[in-house]
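Residues per chain are reported as follows:
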Amino acid sequence: MSTQIEQQETETEADEETEPEVESPGDRRRAQRDERQAQEQAQREVEEETLDDEDTITLKVFRYDPEVEGKQEPRFDDFRVPFHKGMTILDALIYARDHYDSSLTFRHSCRQAVCGSDALFVNGRQRLGCKTQISELEDPVRIEPLPHQEVVKDLVVDMEHFYDQMEAVEPYFDADETPDDKLEEQRQTRENREKVKMSTRCIWCGACMSSCNIAAGDNEYLGPAAINKAYRFAMDEREGENRKQERLRIIEQEHGVWRCQTQFSCTEVCPKDIPLTEHIQELKREAVKNNLKFW
Amino acid sequence: MYEHDVIVVGAGGAGLRAAIAADEEGADVALVTKLHPVRSHTGAAEGGINAALQEGDSWDLHAYDTMKGSDYLGDAPAIDTFAKDAPEEVIQLEHWGMPFSREDDGRVSQRPFGGLSYPRTTYAGAETGHHLLHTMYEQAVKRGIEVYDEWYVTQLAVTDHDDPEDRVCHGCVAYDIKSGEIQGFRANNGVILATGGLGQAFDHTTNAVANTGDGCAMAYRAGVPMEDMEMIQFHPTTLPSTGVLISEGVRGEGGILYNDDEERFMFEHGYANNEGELASRDVVARAELTEVNEGRGVEDEYVDLDMRHLGEERILDRLENILHLAEDFEGVDGLEEPMPVKPGQHYAMGGVETDENGETCIDGLYAAGETACVSLHGANRLGGNALPELLVFGARAGHHAAGKDMKTAEIQTGPSAKSEPGDVEPPVEPGAIDASSGDVAADGAAVEPKAVLESTVEQERQRVETLIESDGINHAEVRADVQETMTDNVNVFRTEEGLEKALRDLRAARKEYENVAVEDPSRTYNTDLIHTIETRNILDVAEAITLGALAREEFRGAHWRAEHQERKDEEWIKHTMLAWNEGQPELYYKPVILEGDEETYEPKVRSY
Amino acid sequence: MAQHYSSFDRGGRRWLFQRLTAVFLIGVLAFHFMLLHFVNHAADITFLGTQARMSQVSYFATMWLFLVTATFHGVNGVYNALVNQGLTGSQKNAVKYMLGIAGLLLVVQGTRVSLAMTTLV
Amino acid sequence: MSQSYNRGTVEDFGRWREFTAGMWAWIFHKFTGWVLVGYLFTHIAVLSTSVGVDPASAQAGTDLYTSTLSGLESLLIVRFLEVGLLAVAVFHILNGIRLLMVDLGVGLESQDKSFYASLVLTGAIVVASVPTFLGGKLL
Ligand SMILES: Cc1cc2nc3c(=O)[nH]c(=O)nc-3n(C[C@H](O)[C@H](O)[C@H](O)COP(=O)(O)OP(=O)(O)OC[C@H]3O[C@@H](n4cnc5c(N)ncnc54)[C@H](O)[C@@H]3O)c2cc1C
Ligand code: HEM
Ligand code: SF4
Ligand code: F3S
Ligand code: FES
Numbered sequence: 001m002s003t004q005i006e007q008q009e010t011e012t013e014a015d016e017e018t019e020p021e022v023e024s025p026g027d028r029r030r031a032q033r034d035e036r037q038a039q040e041q042a043q044r045e046v047e048e049e050t051l052d053d054e055d056t057i058t059l060k061v062f063r064y065d066p067e068v069e070g071k072q073e074p075r076f077d078d079f080r081v082p083f084h085k086g087m088t089i090l091d092a093l094i095y096a097r098d099h100y101d102s103s104l105t106f107r108h109s110c111r112q113a114v115c116g117s118d119a120l121f122v123n124g125r126q127r128l129g130c131k132t133q134i135s136e137l138e139d140p141v142r143i144e145p146l147p148h149q150e151v152v153k154d155l156v157v158d159m160e161h162f163y164d165q166m167e168a169v170e171p172y173f174d175a176d177e178t179p180d181d182k183l184e185e186q187r188q189t190r191e192n193r194e195k196v197k198m199s200t201r202c203i204w205c206g207a208c209m210s211s212c213n214i215a216a217g218d219n220e221y222l223g224p225a226a227i228n229k230a231y232r233f234a235m236d237e238r239e240g241e242n243r244k245q246e247r248l249r250i251i252e253q254e255h256g257v258w259r260c261q262t263q264f265s266c267t268e269v270c271p272k273d274i275p276l277t278e279h280i281q282e283l284k285r286e287a288v289k290n291n292l293k294f295w
Numbered sequence: 001m002y003e004h005d006v007i008v009v010g011a012g013g014a015g016l017r018a019a020i021a022a023d024e025e026g027a028d029v030a031l032v033t034k035l036h037p038v039r040s041h042t043g044a045a046e047g048g049i050n051a052a053l054q055e056g057d058s059w060d061l062h063a064y065d066t067m068k069g070s071d072y073l074g075d076a077p078a079i080d081t082f083a084k085d086a087p088e089e090v091i092q093l094e095h096w097g098m099p100f101s102r103e104d105d106g107r108v109s110q111r112p113f114g115g116l117s118y119p120r121t122t123y124a125g126a127e128t129g130h131h132l133l134h135t136m137y138e139q140a141v142k143r144g145i146e147v148y149d150e151w152y153v154t155q156l157a158v159t160d161h162d163d164p165e166d167r168v169c170h171g172c173v174a175y176d177i178k179s180g181e182i183q184g185f186r187a188n189n190g191v192i193l194a195t196g197g198l199g200q201a202f203d204h205t206t207n208a209v210a211n212t213g214d215g216c217a218m219a220y221r222a223g224v225p226m227e228d229m230e231m232i233q234f235h236p237t238t239l240p241s242t243g244v245l246i247s248e249g250v251r252g253e254g255g256i257l258y259n260d261d262e263e264r265f266m267f268e269h270g271y272a273n274n275e276g277e278l279a280s281r282d283v284v285a286r287a288e289l290t291e292v293n294e295g296r297g298v299e300d301e302y303v304d305l306d307m308r309h310l311g312e313e314r315i316l317d318r319l320e321n322i323l324h325l326a327e328d329f330e331g332v333d334g335l336e337e338p339m340p341v342k343p344g345q346h347y348a349m350g351g352v353e354t355d356e357n358g359e360t361c362i363d364g365l366y367a368a369g370e371t372a373c374v375s376l377h378g379a380n381r382l383g384g385n386a387l388p389e390l391l392v393f394g395a396r397a398g399h400h401a402a403g404k405d406m407k408t409a410e411i412q413t414g415p416s417a418k419s420e421p422g423d424v425e426p427p428v429e430p431g432a433i434d435a436s437s438g439d440v441a442a443d444g445a446a447v448e449p450k451a452v453l454e455s456t457v458e459q460e461r462q463r464v465e466t467l468i469e470s471d472g473i474n475h476a477e478v479r480a481d482v483q484e485t486m487t488d489n490v491n492v493f494r495t496e497e498g499l500e501k502a503l504r505d506l507r508a509a510r511k512e513y514e515n516v517a518v519e520d521p522s523r524t525y526n527t528d529l530i531h532t533i534e535t536r537n538i539l540d541v542a543e544a545i546t547l548g549a550l551a552r553e554e555f556r557g558a559h560w561r562a563e564h565q566e567r568k569d570e571e572w573i574k575h576t577m578l579a580w581n582e583g584q585p586e587l588y589y590k591p592v593i594l595e596g597d598e599e600t601y602e603p604k605v606r607s608y
Numbered sequence: 001m002a003q004h005y006s007s008f009d010r011g012g013r014r015w016l017f018q019r020l021t022a023v024f025l026i027g028v029l030a031f032h033f034m035l036l037h038f039v040n041h042a043a044d045i046t047f048l049g050t051q052a053r054m055s056q057v058s059y060f061a062t063m064w065l066f067l068v069t070a071t072f073h074g075v076n077g078v079y080n081a082l083v084n085q086g087l088t089g090s091q092k093n094a095v096k097y098m099l100g101i102a103g104l105l106l107v108v109q110g111t112r113v114s115l116a117m118t119t120l121v
Numbered sequence: 001m002s003q004s005y006n007r008g009t010v011e012d013f014g015r016w017r018e019f020t021a022g023m024w025a026w027i028f029h030k031f032t033g034w035v036l037v038g039y040l041f042t043h044i045a046v047l048s049t050s051v052g053v054d055p056a057s058a059q060a061g062t063d064l065y066t067s068t069l070s071g072l073e074s075l076l077i078v079r080f081l082e083v084g085l086l087a088v089a090v091f092h093i094l095n096g097i098r099l100l101m102v103d104l105g106v107g108l109e110s111q112d113k114s115f116y117a118s119l120v121l122t123g124a125i126v127v128a129s130v131p132t133f134l135g136g137k138l139l
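Protein chains in written order, with full-length UniProt numbering: chain F, 1 to 295; chain X, 1 to 608; chain A, 1 to 121; chain P, 1 to 139.
No wet-lab data here; the hints were simulated from the structure.
Be careful, since some hints might not be right.
[To be verified] Subject to a maximum C-alpha distance of 27 Å in a straight line, what follows is the list of computed DSSO-like cross-link-like pairs (lysine-lysine): (1) Lys60(F) / Lys178(X); (2) Lys92(A) / Lys30(P); (3) Lys142(X) / Lys244(F); (4) Lys511(X) / Lys84(X); (5) Lys568(X) / Lys604(X); (6) Lys178(X) / Lys71(F); (7) Lys197(F) / Lys244(F); (8) Lys142(X) / Lys182(F); (9) Lys84(X) / Lys182(F); (10) Lys244(F) / Lys195(F); (11) Lys450(X) / Lys178(X); (12) Lys195(F) / Lys60(F); (13) Lys195(F) / Lys30(P); (14) Lys289(F) / Lys96(A); (15) Lys195(F) / Lys142(X); (16) Lys501(X) / Lys604(X); (17) Lys84(X) / Lys450(X); (18) Lys142(X) / Lys450(X); (19) Lys182(F) / Lys404(X); (20) Lys96(A) / Lys113(P); (21) Lys244(F) / Lys289(F); (22) Lys450(X) / Lys407(X); (23) Lys182(F) / Lys604(X).
Every value quoted in this text rests on a predicted model; they were computed, and no experiment measured them.
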């Protein structure tokens, strides 16, 4: 149980004892709330007693808030959450937040691995909260914000740098020329679509970047996700040769593909199973081939 | 204070398209969004985008299908505009690099979809929405469009005139989630609401946690009428614990639904003797719930969708992603065991009343996407029609707001377009608990843009201050109450009794909400605060849905009423409209326009 | 954004040379080890034996190439490793020149040594 | 640009658990590479004793080069160091081959297996050559 809630409860109770006479609407509300909380607390205790270990799971969650006293020093809070089949890390976090501590902070939205908001560091590995079944993990489950990014609060990290890197590769389709007719599409072979298919799946979750040692050491390294983005366009035959040259120029900068030391951890953690290392390596070869022309 | 020509609230498909359109017109446009654009729920769409692209197909066939699908509650001018603009918009996406699935000759593939008379659904694998969203965000990056991401818009800055149609929208107020800063956003030309769906009014939905109907609620309180709010689409196959969508493809390939007694209930209990599992979405959803209500649900909650008999090879070939979904989100191996499914809220056909150019009755306020109701989908949306809607009406709103000359809209907006006063007798008073409590966007005597904005900012600062400073209950309880009663009573089955109960529960929840406070004192990334404000919006939207549902005494499209089992064309080919009316919601009806420029639609029986 | 990647140093060639030298080294290093530890036991190495081997043109050439490629491969490898650790600016340049000079000295000294071992010149 | 937020021991603790095959391979390759360069420099230094050897002493086997080498070889510690060098070289070669394959995009799916294979093979080769290295006369 999070120790923090209990503290706060006792504090508010103390407040009330000092001013019992005047019954303002606020007091009434507070009284009601306390009553309800007491009930809930009791109920929760009953629930917890009846829950044997098989049915609960312990979360150890990283907590930090630069503004709130007691949270300025990073710490871990424990939450015991009832377990049910099919429960994901995200479900457990939501439960802990809605039942125990409403200040528990994490990003999430789609609950189906498409929005990329909830990449977390769970039991020593980058994972998407909503895509990770608790039953696959060891108890207690330790949940931290993504490593190598500044922590804003609790499990929320600053993604700005990641976005900057993504945008540094000019991540937009920019064909040398498009058909004049507004109803005429550009042709693309099935093979070519297959080639870029995996690379287009990226959901910008940042798990890969966070797992890469090189990116950790070199802030300017474009990182696997951005390089994969560049791959997605460089390999798209619809763009044309000129644009491809420009794209190669971007990725073969010093902090581009050459930084990658083929550690594969990006590929391993990517929730969308994008073969990142393979794409990076292919771009290295592409860049070398391209340079050979000028020798 | 920030200032731009056009402010787009929300950066899903609709918002991005609008911003790009405004940018094309040379306007200085900014996107203000509570999620980073690529996190928007447009990314979740799987199926596809409808547009008449091929030789044998034409826009009027698409329009006809859409009108029929809407069960004759769609407005012809909206539908025609939509079907005409869609092909160009889809090809535009292709020119922007969207990785569509392709034919052997290199052209964009199209596939058949429910309710379409021609295979006109373009798609990009089973992740069409993801690609659409990312392609458009990339184009926004290319154009250097300014994005205020993780800024939560809390209120519109609207002038104070008695009649909503005299009001002008000068911008909005937003809260920077990361720093807690509250700022006014002045829009010189217009504000476009593109905040997406409202699925969080229900506890079981395919929508994202962020789909809380903020845009609807803000526009509603600012004086824009809500149209056809009762029209909510429920999808029959969603995973029970998360609401993740299991695509219709499983049933299309031959998946079978069983109840707890292992009966193939679609046939054995006579819900659809011909089509069985492949009957339309609403029929299947109702059948499933009947089974559960009659005690034949598995674990009293869901039914089983079995595809094991299709064989591993076929499943891996055509339904591989379904295996992943079931495994990742439900912990079930679809090759070994049946998958649990139940109906879930999926889409809101109704919303902020707009015309074909995206304009609302308030000058300078636009809406597009799922938030809006041009009345394209009427009583039922066809699969694959929402994504092109984002493009078509997003673009139109963007162009119009940026000052492009456009054909005058045929659809009339605003309470004055009312033709018939409404008659609904809610068991309890709906609307604001205390109409003078600052719920109305237009308050104070301000009409001058700067003053309007400043007073709205002040109001929002106060609101946030009060929420954080005071003691009270946590919003999560209120939200859970709302979601629960909505799912119990305003779900697939609607009875008068249930709807009335829902209204009473919602009233109680509103009273509870008076007591909410934010426990987290931090100004840094305070999601507790954001969710608390969202819950307020959910309340308003839920109530509007329920009021509309109580008023509409017929069975049309997605709206089913126990006491009224048939479509009543004489009486009910009209939109239910709800005006906030300074906290005392007022119902009225607006006629449906069945005559288009080129074609007039005759209501026919909707059968497939 | 893009501007801080406008370095002129495109690692492409060094990267390729690192691989090409590696390929060469696989063979030569294995051969070297075999010859001087297994065929001829290291303890039995004498100047005369060495001189005999080094006086065959092909062996001499191979060994000298071994020296050069290994030096390039090793020094370039160290340099890359340091740069990957985030070495920048003047520090990076200092390291670059130091490693360059060290590598050069090694090759020079190695060449002198090999010349001393051979009867070819 | 953002600096990593320092989570002290928490961060370090987590990082280690997160190390995967590819990362270990990287660490080992780095380490062995450095040892090899180090050795290359020492090796040339040792071989420098051959400069200025006069033919007579060479004939007699008393020249500086021959005696330095055999002198070194007579130390047990040097023999062990040589085994170490072998291990380092063999791993660097095998993993180097693995890396070259990766560069060519061959067999990326089994990159972890090939790393383990390099380790095992290195071990096997080293064990097999211990007799040769430690054997031979120690003088
Ligand atoms: C699972 C699923 C599958 C679907 N499949 C299909 C399909 O195959 N074909 C089809 O045509 N349609 C499909 N739909 C429907 C379609 O995807 C949606 O209707 C559409 O994507 C909605 O887009 P939008 O731009 O209106 O909203 P969204 O994409 O939801 O974007 C809303 C935006 O508003 C922002 N926002 C919200 N509130 C605020 C606020 N208060 N302040 C600031 N910003 C705010 C959010 O950050 C977000 O950027 C599907 C829907 C779902 C849920
Ligand atoms: C025998 C065959 C060899 C092969 C196949 C080989 C292969 C490789 C490869 C592919 C790399 C590049 C790793 C990367 O950049 O990701 C590398 C790095 C390196 N190699 Fe070799 N190498 C061999 C021999 C040698 C020798 C003889 C030396 C010593 C002189 C050496 C020293 C190094 C060093 C110092 C590095 C850099 C390590 C680092 O990244 O820190 N290698 N090797
Ligand atoms: S490449 Fe994979 S891990 Fe990296 S951001 Fe994209 S989806 Fe996430
Ligand atoms: S983890 Fe890093 S080193 Fe390369 S293979 Fe992935 S980018
Ligand atoms: S919540 Fe969207 S990816 Fe997990």
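Now the hints, each set against the structure:
1. Lys60(F) / Lys178(X): Holds. Lys60(F) to Lys178(X) sits at ~24 Å (cutoff 27 Å).
2. Lys92(A) / Lys30(P): holds (19 Å)
3. Lys142(X) / Lys244(F): holds (16 Å)
4. Lys511(X) / Lys84(X): violated (47 Å)
5. Lys568(X) / Lys604(X): holds (12 Å)
6. Lys178(X) / Lys71(F): holds (17 Å)
7. Lys197(F) / Lys244(F): holds (18 Å)
8. Lys142(X) / Lys182(F): It holds: about 20 Å lies between the C-alpha atoms, which stays within 27 Å.
9. Lys84(X) / Lys182(F): Distance of about 13 Å is within 27 Å: holds.
10. Lys244(F) / Lys195(F): Distance of about 15 Å is within 27 Å: holds.
11. Lys450(X) / Lys178(X): holds (26 Å)
12. Lys195(F) / Lys60(F): violated (41 Å)
13. Lys195(F) / Lys30(P): Roughly 33 Å separates the two Cα atoms, so the pair is violated.
14. Lys289(F) / Lys96(A): holds (26 Å)
15. Lys195(F) / Lys142(X): holds (24 Å)
16. Lys501(X) / Lys604(X): violated (34 Å)
17. Lys84(X) / Lys450(X): violated (40 Å)
18. Lys142(X) / Lys450(X): Violated: Lys142(X) and Lys450(X) sit about 32 Å apart, past 27 Å.
19. Lys182(F) / Lys404(X): holds (19 Å)
20. Lys96(A) / Lys113(P): Measuring from Cα to Cα gives roughly 36 Å; hence the hint is violated.
21. Lys244(F) / Lys289(F): holds (13 Å)
22. Lys450(X) / Lys407(X): This hinted pair is violated, its Cα atoms lying about 31 Å apart.
23. Lys182(F) / Lys604(X): violated (35 Å)
Going through the hint list in order, the structure does not satisfy hints 4, 12, 13, 16, 17, 18, 20, 22, 23.
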